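Numbering (our numbering), first residue to last: 1 to 69.
Take the hints with a grain of salt, since some may be wrong.
In silico PhoX-like pairs for lysine-lysine, Cα to Cα no more than 25 Å straight-line [unchecked claim]: (1) K49 / K33; (2) K57 / K24; (3) K24 / K49.
Ranges of calculated distance between the beta carbons of each label pair, as one might list FRET restraints [unchecked claim]: (4) N48 / S13: 15 to 25 Å; (5) D20 / N56: 13 to 23 Å; (6) N65 / S10: 29 to 39 Å; (7) N21 / T53: 24 to 34 Å; (8) N56 / Q19: 18 to 28 Å; (9) E61 / S10: 26 to 36 Å.
FYI, nobody ran anything at the bench for these hints, they're computed from the structure.
The structure presented is a predicted model; accordingly, all values stated were derived computationally and were not measured.
Each residue gets a CB set at the ideal place from its N, CA and C atoms; glycine is no exception.
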Amino acid sequence: MNDFIVARRSDDSVISVQQDNSTKNLMITNLNKSAELLLNYTNSELSNKPLSTILNKNLVEDMNNELEY
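Using the sequences and the hints given, assemble the complete structure.
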């Protein structure tokens, strides 16, 4: 799956997510080194955690209103 992730520049932050319909969450599957530096978390700390872990509460509500599970 990570083969499809492309950053235009080496300093672009990339966060990969997967929709989990059973828990109605977007789960973080991977982040690159630039995203680790931006968020101050390692890939292993955020892997398999909900995307809502790193997002503003209002943004999470908006996102959940748009997603279909």
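**Message:** The hint says 13 to 23 Å between D20 and N56; measuring C-beta to C-beta, is that right?
**Reply:** holds (20 Å)
**Item:** Pair hint outcome, K57 versus K24 [Cα-Cα no greater than 25 Å]
**Value:** Status holds; Cα separation ~16 Å.
**Prompt:** Could one say that the CB atoms of N48 and S13 fall in the range 15 to 25 Å?
**Reply:** Cβ of N48 to Cβ of S13: about 19 Å, so the range 15 to 25 Å holds.
**Message:** Given the hint of 29 to 39 Å, is the C-beta distance from N65 to S10 inside that range or not?
**Reply:** holds (35 Å)
**Request:** Given the range 26 to 36 Å, decide if the beta-carbon distance of E61 to S10 lies inside it.
**Result:** holds (33 Å)
**Message:** What's the verdict on K24 and K49, does the C-alpha distance respect the 25 Å limit or exceed it?
**Reply:** OK: K24 and K49 at ~13 Å, within 25 Å.
**Item:** Hint consistency between K49 and K33 [alpha-carbon to alpha-carbon, up to 25 Å]
**Value:** Distance ~17 Å between K49 and K33 Cα, so the pair holds.
**Outcome of range test on Cβ distance (N56, Q19; 18 to 28 Å)** = holds (20 Å)
**Message:** Can you tell me whether the CB distance of N21 to T53 sits inside 24 to 34 Å?
**Reply:** Hint violated: Cβ distance 19 Å, outside 24 to 34 Å.
Hint 7 alone, counting from the list given before, is not met by this structure.
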